[in-house]
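Chains as they are written, first to last, in the numbering used here: chain A, 594 to 935; chain B, 594 to 935; chain C, 594 to 935; chain D, 594 to 935.
No lab work stands behind these hints, which were simulated from the structure alone. A hint or two may mislead.
[Unchecked claim] Residues from chain D that face chain C, not an exhaustive set, calculated with beta carbons under 10 Å: (1) M594; (2) Y601; (3) Q620; (4) I838; (5) G897; (6) A900.
[Unchecked claim] Straight-line alpha carbon distances no greater than 25 Å define the calculated PhoX-like cross-link-like pairs of lysine-lysine that follow: (7) K864/D - K898/D; (8) K814/C - K814/B; (9) K814/A - K814/D.
We put the CB at the ideal spot given by N, CA and C, even for glycine.
Protein chains: 4
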Amino acid sequence: MISFTCDYNEGAHPAILDALVRTNFSQQPGYGADAYTEQAKARIREAVGCPGAEVFLLTGGTQTNSTVIATMLRDYQGVVAAQTGHIAVHEAGAVEYTGHKVLTLPQHEGKMDAGELAAYLEAFYADGAYEHMVFPGMVYISFPTEYGTLYSKAELQAIREVCQRYSLPLFVDGARLGYGLMSPACDLTLQELSRLCDVFTIGGTKVGALCGEAVVFPAGKAPEHFFTMVKQHGALLAKGRLLGIQFDTLFTDGLYLKIAKGAIDLAMQLKALFVGKGYELFLDSPTNQQFIILTEEAAAALEGKVAYEVWERLPDGRSVTRFATSWASTAEQLSQLAALLP
Amino acid sequence: MISFTCDYNEGAHPAILDALVRTNFSQQPGYGADAYTEQAKARIREAVGCPGAEVFLLTGGTQTNSTVIATMLRDYQGVVAAQTGHIAVHEAGAVEYTGHKVLTLPQHEGKMDAGELAAYLEAFYADGAYEHMVFPGMVYISFPTEYGTLYSKAELQAIREVCQRYSLPLFVDGARLGYGLMSPACDLTLQELSRLCDVFTIGGTKVGALCGEAVVFPAGKAPEHFFTMVKQHGALLAKGRLLGIQFDTLFTDGLYLKIAKGAIDLAMQLKALFVGKGYELFLDSPTNQQFIILTEEAAAALEGKVAYEVWERLPDGRSVTRFATSWASTAEQLSQLAALLP
Amino acid sequence: MISFTCDYNEGAHPAILDALVRTNFSQQPGYGADAYTEQAKARIREAVGCPGAEVFLLTGGTQTNSTVIATMLRDYQGVVAAQTGHIAVHEAGAVEYTGHKVLTLPQHEGKMDAGELAAYLEAFYADGAYEHMVFPGMVYISFPTEYGTLYSKAELQAIREVCQRYSLPLFVDGARLGYGLMSPACDLTLQELSRLCDVFTIGGTKVGALCGEAVVFPAGKAPEHFFTMVKQHGALLAKGRLLGIQFDTLFTDGLYLKIAKGAIDLAMQLKALFVGKGYELFLDSPTNQQFIILTEEAAAALEGKVAYEVWERLPDGRSVTRFATSWASTAEQLSQLAALLP
Amino acid sequence: MISFTCDYNEGAHPAILDALVRTNFSQQPGYGADAYTEQAKARIREAVGCPGAEVFLLTGGTQTNSTVIATMLRDYQGVVAAQTGHIAVHEAGAVEYTGHKVLTLPQHEGKMDAGELAAYLEAFYADGAYEHMVFPGMVYISFPTEYGTLYSKAELQAIREVCQRYSLPLFVDGARLGYGLMSPACDLTLQELSRLCDVFTIGGTKVGALCGEAVVFPAGKAPEHFFTMVKQHGALLAKGRLLGIQFDTLFTDGLYLKIAKGAIDLAMQLKALFVGKGYELFLDSPTNQQFIILTEEAAAALEGKVAYEVWERLPDGRSVTRFATSWASTAEQLSQLAALLP
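Turn these sequences into a full structure, and let the hints guide you.
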């Protein structure tokens, strides 16, 4: 059985395992003070084009989101997100657990609209009772979104401008960042993205690492004593080298974007395969998550042979499904799918 | 330069790296539902001798401690610990961050005294104002302690009895559990330990893993929806296989205790080396952390060649130091130290 | 200038002030152990018709809501409320500050719909990823709602049934309870309400007290050590007598409902006055808060003479306004308004 | 039976009740925007001699402490207190509930020692692992202390200097401030105290009010959006007038200090009475709380006629007791005690 259920079904890119093996007995200090982490940070700073960037390596996505958000907000503030934002739905209330509200705006194929953000902020401060309400304290968007969609440069700039007007930091959750940047629909580079937000993450877990999310403060304005608060959130690895080695590898010779590109190429072929056979798309995703409306016949044909995620059963018997490719997907897997698909 | 600064200076036991390489492309579900995690849990249940035990695999020590403690306490309760307990000092207030007080008792070479615990609890409920105070809600001890010392079976039983008298769950932090169990001074087996507490951890990070702590509820009484709360604490790995593979390996053919034994043997030799040359021990640790009072002459001789941790400078110029061995320490490293030591 | 801006513009009902003066030098124990508090609780138990009810007296509404909700929820749970629920909007994130999410449902003139609640709960448990989400842990409704509307007995029963099906406690925020019960549209008695929920509050602040909300657990199932958690939330008054005397007075000879009735009678007259003069209602409220669409002409006529709250300016120049009567409102004030209103 | 158990046994000073009655029907805005609160704040600013002071009126002591501390600390910080500090012992973990650790220092008759504070801070920053620990973020002392003792001006200045060296705000909990300032042993004025700390409270509850603590930021540096956070902590009264009227009354014609002086005079007479009859003092308190070692004979004589608080039973049958006078204590009560005391 082959699986397209998600982009974290396999272990790590072989180059990462090689590096773990190669460096295994080098004695290094703990908690991220090791040489590999230093080098990884230097490489990330170069890749994002921000020599003054502060970079921290954490383990997982929910952990990273709640740590970044909790440490950047003041007590009276909440974080603004699209109602489908990962932090608003699928992180078990991790943000609220730190004492902060997630303030939600409507979503449009997973995206927040700059105009609606501006309208919300204007209305907030126009409300006579706003001092009795949770203040918007930062804006969270995901790139790509939970629906695989992307903000164009213009859309991101528009959100950025609204944020700046209200002095709100903009946080871009890049759990699948590589897959976004390598999409044919993406008109942004990593460097441009870095200049359009205050903090963002470079997801490792879903793009070739065993675990790991890099948090980047492009302008170098991490919250004071962020290290201590990472520890307080249970997000500090004793063997920081595990993260350092992985990101060092991913940011050597452009491996991160290279393997993301492979996944995107396969995703586009996968989409073409479904469309070519007449399947309807739930939405036209430009990244590695493809949302296909699968017929009962197709579901039966794939049963026990190809795994994917079912999002919703439609009344007509069809299902909204997600097929995800990843850095580990192969052309052969796609051929197998093609051969099975009615 | 060789380092005895801590037991997390190297990567992982080679068998773990082998297993990661070997399993790398097996497609597995995320969040701990993979086959390796299942197998690791089964092996741990067998090793601890509790077929009904519930086992969870988390990433790091502070994370595990705060997640276990926060999910087992009710809001009005705190956790009782020795004043040198890791949670009381070196976890950046992670427990308090979840809203709970760490209630401290005196320490005796890092250990809590059952009599003092009983006296504290008796005094608490005798105090007319106790309803205005934080209720003791569980007891935390570390095994070995932060000073490398161990509770004897009798001492642990005594603490256990006090806990039961007051219906307090007993939590044993086993970040260095293997080194405790393999100490010549230890009169407890893993199975016995399991029957003497309500929850304990089996530390992987310091005993051969890249990361990972196993949380064991021997009687199977994990807090309801513990999985969701692990996620809420940012402690759920998407690629749970990383933890599953490691603990599966460590609990195959007794590897965990075997490599801990190696570290202990070297630690005893290291202690003998220092004692033989006339150095004073700060305290007589039976585990892999050795606390040596180093002369200025010795410090000068080791300078730049052997690394260790300095805990305190004494007025006479000597220093209280910690030399830690680990699963990765070698006889050769010890010989080099012996050759250098005046 | 006369004010209809809210129902907490004045001090307290004179009977309360009399009682404060009369009892002033009686020496009483603190923290709610005084004789007045005991008597107040007994009277409330009688009024609600639940001899086994547990009653606690707290100071303010937001405080009471966040204390009740935080102490009844487990860490993995949130509270379900209509999106206009006071806790969801106007309590500065007090619930989230305690670590819990407010899960919102659509509102219908401020009310939650039982069918929508059932549909949400069904969908929640049908979602394959629900263990990654915040569990619904209790249901919060306000009676009257923030829009002055009321649940009928049938509507409340329907919500109650859904709650029971999912073992969710039902919390009724009665900050303006008296005004709800005395409404001509109300088909519920206080005793009936008590049997239809697990916890509710009897608001004093807006119904004749200087401060104070009574929390009633009709079936006597207050969270364990609720007293200590009230203290922990900063909600325990040293001079609990202040609350005891007030509720004792309000629940002597039916004063609470009597003065609420007076406010409702005036509110109905006020509504009739506006409707009679051709003003449009924003919504037809059956309680002491009346939502009137005021013309510019009317606004000009009342300027500087009658105060009210403006909720929203309409594009046509008119405003959505709130006129609230209270236990302190007088027929004379209404006459003055009538005389001024064009 | 007469009671000396505490200083919150009675209601309020009659002038306060008069003012409540007199102002009762004046219509005022809520949430502290009323004219009485404005006037109270102005009077307090004048009394403390800081025209730029920011003043907030909250309801109770634990509430005020946890709100002030939580809003002034950053997430990585804790508050330093003597181990007998009220926040460390008798506030049900309210500070920890907000996520912050109480870092304790030894106490000397309830007081913190400036030298020990300095030594702790020096050691903290000298510790190589301090980034893994809770940072000291502010210093809390009580004046008078929980043992009725007072800091001299020199002692307070010494603590202040240490705080300034480490940029730590100094918070003085003045729950019994009046009784401290009126003590014959006090060499500080209210104005001087104001210049020696960053924030302090003026306790109303124990000095003549029904409830209420004034929080004073002498230099006007309240945390940003303190109002909203007061609401978030459940500490904002809808009828802020209740607090405004009380503090307005207490700070008119020096009533606050005048009634505190009366209590102190009686406390000194009470102490003289005991000492004169040969009773031992547990400690020599200069304020309204007197700690007497009572013989069994005396206890028997007072049984059922005079109430006081028992702190501890001594092995010899005697008890450590607390007798508190207050603004409401009378010379007649003292005479009754004198007549009964063997």
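*Checked against the structure, which of the hints given earlier come out wrong?*
Hint check: 5 fails alone, others pass.
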